[in-house]
Amino acid sequence: MKQYALLFSLLALVSCVRVEVLDAPWGETPQPVLFAILSPSTPVQVYLGMTNTVNDSLLRQCYPEAALYLRQDQGAWVALTRQSGTNTFSLTHDSLLPVQQGVTYELKAVLGQDLPELTGVTTVPAEVARIASASYVVTDTTVHFTYKGDAVQGRLQVQWNKLDGQEGGYHLTDDTGESLDLVEGQTTCTVRINDYLLPRAADGLTLWLTTTDAHLEAYLKTVDLVRSFDDLSGHVITDILSAYAGVLPAFSNIHQGVGLLGSCVQDSFTVRLTNYAND
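960 is the number of the first residue of the sequence shown in the numbering used here; add one for each residue after it.
Just so you know, these hints were derived from the structure itself, not from any lab. Each hint should be verified, as a subset may be incorrect.
Claimed, not checked - For lysine to any residue, the following SDA-like pairs were computed, each having C-alpha atoms within a straight-line distance of at most 25 angstroms:
#, residue 1, residue 2
1, Lys1121, Asp1134
2, Lys1107, Val1097
3, Lys1067, Trp1036
4, Lys1067, Tyr1022
5, Lys1067, Asp1226
To be verified - Computed beta-carbon distance windows for the label pairs:
#, residue 1, residue 2, range
6, Arg1231, Val1102, 21 to 31 angstroms
7, Arg1030, Leu1122, 39 to 49 angstroms
8, Asp1162, Ser1092, 11 to 21 angstroms
9, Arg1114, Glu1076, 11 to 21 angstroms
10, Val1080, Asp1226, 17 to 27 angstroms
11, Thr1063, Gln1020, 26 to 36 angstroms
12, Val1102, Asp1032, 30 to 40 angstroms
13, Gly1124, Thr1051, 34 to 44 angstroms
14, Gln1072, Asp1154, 54 to 64 angstroms
15, Asp1226, Gly1034, 25 to 35 angstroms
16, Gln1116, Ser1054, 17 to 27 angstroms
17, Asp1140, His1103, 13 to 23 angstroms
18, Thr1165, Val1102, 20 to 30 angstroms
Beta carbons: idealized from backbone N, C-alpha and C, even for Gly.
Sequences are here, hints too, so could you generate the full structure?
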């Protein structure tokens, strides 16, 4: 579940890379929305919804006749299955179409008669950026009361190397899904946080480094969410979109609709701690 939280906590960030920001491609009329982030570490889930509607019955199951398909590298289309009573579609068996590094995927939504056909394309990053080193040093053992529980303050430093030819960016989170930084444009990426709060009960700190494709990176540039999500056990994709009350960020790579088909790969690194809370 942590990987799900980390993946979708990407939506709570604004990146620092250069991106062309487009005017919002919709007006007062509701528009179809497709939303998916593909990763080898998570099952395929796709949200199909609409913008600018306050009709709860419509939102409960948008486009009831819709059929969604996914394929890789111009191969055969594989149908996705709608989760009963929701706007979320998934692969019944991930082995039918495994998400792999360096592979291009195309998503298609056939909404119904006289309705547009939505499409999007993403290429999963071919390489995973790896955390080279990480350290945590306690600087103040005063107890702080946080959503993580009783915590102490310290200095966290993380370093990794930029990938040659990487068009997206890098997103660093901890094992709670909290965003630590999103970095791009350097040969060696170093994140230093002097006031990082770590639970006293922890015996280690797991960090996650996510390498994003260009579409996900561009989408993040336009996002301004103040929410965080703990897992994907409910309708988190729906929650993400409802945070905008039906209005999405300006970036979209969905043809004949709005939304996102992006992708990413992940690396993790665990910093081991020894009796640090009592030092």
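Checked hints:
{"no.": "1", "hint": "Lys1121 <-> Asp1134", "verdict": "22 angstroms, holds"}
{"no.": "2", "hint": "Lys1107 <-> Val1097", "verdict": "16 angstroms, holds"}
{"no.": "3", "hint": "Lys1067 <-> Trp1036", "verdict": "9 angstroms, holds"}
{"no.": "4", "hint": "Lys1067 <-> Tyr1022", "verdict": "14 angstroms, holds"}
{"no.": "5", "hint": "Lys1067 <-> Asp1226", "verdict": "29 angstroms, violated"}
{"no.": "6", "hint": "Arg1231 <-> Val1102: 21 to 31 angstroms", "verdict": "22 angstroms, holds"}
{"no.": "7", "hint": "Arg1030 <-> Leu1122: 39 to 49 angstroms", "verdict": "26 angstroms, violated"}
{"no.": "8", "hint": "Asp1162 <-> Ser1092: 11 to 21 angstroms", "verdict": "20 angstroms, holds"}
{"no.": "9", "hint": "Arg1114 <-> Glu1076: 11 to 21 angstroms", "verdict": "52 angstroms, violated"}
{"no.": "10", "hint": "Val1080 <-> Asp1226: 17 to 27 angstroms", "verdict": "25 angstroms, holds"}
{"no.": "11", "hint": "Thr1063 <-> Gln1020: 26 to 36 angstroms", "verdict": "30 angstroms, holds"}
{"no.": "12", "hint": "Val1102 <-> Asp1032: 30 to 40 angstroms", "verdict": "54 angstroms, violated"}
{"no.": "13", "hint": "Gly1124 <-> Thr1051: 34 to 44 angstroms", "verdict": "35 angstroms, holds"}
{"no.": "14", "hint": "Gln1072 <-> Asp1154: 54 to 64 angstroms", "verdict": "57 angstroms, holds"}
{"no.": "15", "hint": "Asp1226 <-> Gly1034: 25 to 35 angstroms", "verdict": "28 angstroms, holds"}
{"no.": "16", "hint": "Gln1116 <-> Ser1054: 17 to 27 angstroms", "verdict": "40 angstroms, violated"}
{"no.": "17", "hint": "Asp1140 <-> His1103: 13 to 23 angstroms", "verdict": "21 angstroms, holds"}
{"no.": "18", "hint": "Thr1165 <-> Val1102: 20 to 30 angstroms", "verdict": "22 angstroms, holds"}
The earlier numbered hints that this structure contradicts are 5, 7, 9, 12 and 16.
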